[in-house]
Amino acid sequence: MRPNTVGWLMLAPTIAILGIFGIIPFIYVLYVSFHQWNPFGASPDMIYNGANNFRRLVFDTEFLTSIAFTMKFAFFAVLSEIALGYLLAQLFMKEFPGRGFFRTIHTLPLIVAPIVVGSVWRLMTTPSIGIIPYLLKSWFGYDLNIGRDATAAFALTVIMDIWHWTPLVTLTLLAALLALPKEPFEQAQIDGANRRQIFWHVTLPMIRPAILATVFIRLMDALRTVDEVWMLTSGGPGAATRFVGLHIWKIVFPKTDYGYGAAISVIVLYLTLVMCWLLYVALVARRERKRTF
Amino acid sequence: MQEPFDPAKVDADLEVARPVRTGFLPITTNWFDRVFVGIYLFVALELFWMRFLEQSIPLMVCHVLAIALGVLIVWRG
Numbered sequence: 001m002r003p004n005t006v007g008w009l010m011l012a013p014t015i016a017i018l019g020i021f022g023i024i025p026f027i028y029v030l031y032v033s034f035h036q037w038n039p040f041g042a043s044p045d046m047i048y049n050g051a052n053n054f055r056r057l058v059f060d061t062e063f064l065t066s067i068a069f070t071m072k073f074a075f076f077a078v079l080s081e082i083a084l085g086y087l088l089a090q091l092f093m094k095e096f097p098g099r100g101f102f103r104t105i106h107t108l109p110l111i112v113a114p115i116v117v118g119s120v121w122r123l124m125t126t127p128s129i130g131i132i133p134y135l136l137k138s139w140f141g142y143d144l145n146i147g148r149d150a151t152a153a154f155a156l157t158v159i160m161d162i163w164h165w166t167p168l169v170t171l172t173l174l175a176a177l178l179a180l181p182k183e184p185f186e187q188a189q190i191d192g193a194n195r196r197q198i199f200w201h202v203t204l205p206m207i208r209p210a211i212l213a214t215v216f217i218r219l220m221d222a223l224r225t226v227d228e229v230w231m232l233t234s235g236g237p238g239a240a241t242r243f244v245g246l247h248i249w250k251i252v253f254p255k256t257d258y259g260y261g262a263a264i265s266v267i268v269l270y271l272t273l274v275m276c277w278l279l280y281v282a283l284v285a286r287r288e289r290k291r292t293f
Numbered sequence: 001m002q003e004p005f006d007p008a009k010v011d012a013d014l015e016v017a018r019p020v021r022t023g024f025l026p027i028t029t030n031w032f033d034r035v036f037v038g039i040y041l042f043v044a045l046e047l048f049w050m051r052f053l054e055q056s057i058p059l060m061v062c063h064v065l066a067i068a069l070g071v072l073i074v075w076r077g
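Protein chains in written order, with our numbering: chain A, 1 to 293; chain B, 1 to 77.
The following block holds chain A by itself, in its conformation from the complex (with noise of 0.2 angstroms):
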């Protein structure tokens, strides 16, 4: 085997980057996972109490309930951002005029800071004087009111994510399908494709890479949607929108229980490799019964 000083000389400081910010709080947070701690409480120091706080979890129905929200909200969220990101992809891939300052503006909600996105969207959907009430009430008759309908709320909260990352997931694919070569198009107009089998046949497996790549950026950060939810609806109505992100904030510092947050936040990790990885395995890894070393 070569000695590869040089590539690990130049890997050393991301792998020290990594270890600070990844790898050594990861191991810290699994650490007090094991443990009973209140640092705020009567007895502020960390008592070793094995798996209670996963047993607790396990039997926690606020907890599973944020689970099956949050992953209903990242199913719905990533599915439709996917979709949509695609269809602008699309549309910014072909000439029409203005076309500079559409891809430009349409990105403009990625560098809005959530707690914005969520304060702002806070104002627009007040009852009293935000505008989506009002123009519903107008238009449609509809009532808005998030404080009161748990599935009017949970949409939003849907909304609210589609409209501040679709722009991420536009950009990613449409970089992808700029690099795509031309000659595989034009063999299957050649051959008599239509557009739908070019799509399914020659665009979906050219892409496929990067859009399961931005799968999994998304699916990881809807999966820890705290700030836009909190300051959107804070939880409610109920815990119709308590996700779990949402769940670990007030579990860790209204309650200041950390240790049990330690062990929730662990298991999120656990759930969300989990999902990832059979994302990966159902979309790339390719079913031959061998094994490589």
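Keep in mind that the hints were calculated from the coordinates and are not lab data. Hints may contain errors.
[Said to hold, decoys possible] With the Cβ distance kept under 10 angstroms, some of the chain B side facing chain A (calculated, not the full set):
1. Leu47
2. Arg51
3. Glu54
[Said to hold, decoys possible] Computed footprint of chain B on chain A, listed as stretches where at least three residues anywhere in the stretch have a Cβ under 8 angstroms from a Cβ of chain B:
4. 50 to 59
5. 101 to 114
Every residue, glycine too, gets a C-beta built ideally from N, C-alpha and C.
Fit chain B to the known structure of chain A by using the hints.
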């Protein structure tokens, strides 16, 4: 005319000729993938046990089963 000697090509040929063994997992894996799958299943089994079986069967049984499953996956998966 004979092609010039290219060591990279020889390496690529050796790569193709590397022996492939069959495991019971339905995907191509390396040892790290199998350790990863083993840990996934270990955690899933432990949580499932704590939720549904711990009242009647001690968690130690689950530890033994989960470790055995992990070893089996790394060894034969």
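Query raised in the report: Taking 10 angstroms as the limit, does the beta-carbon of B/Glu54 come near enough to a beta-carbon in chain A?
Result: With a minimum Cβ separation of about 8 angstroms from chain A (threshold 10 angstroms), the hint on B/Glu54 holds.
Query raised in the report: Okay, the region 50 to 59 of chain A and chain B, do three or more residues pass the C-beta test at under 8 angstroms?
Result: holds (count 5)
Query raised in the report: Do three or more residues from the region 101 to 114 of chain A put their C-beta atoms closer than 8 angstroms to C-beta atoms of chain B?
Result: violated (count 0)
Query raised in the report: Any CB of chain A closer than 10 angstroms to the CB of B/Arg51?
Result: Holds, about 4 angstroms.
Query raised in the report: Does the interface hint hold: is B/Leu47 within less than 10 angstroms of chain A, judged Cβ to Cβ?
Result: Because about 6 angstroms separates B/Leu47 from the closest Cβ in chain A, which is inside the 10 angstroms limit, the hint holds.
Going down the numbered hints, you'll see the structure goes against just number 5.
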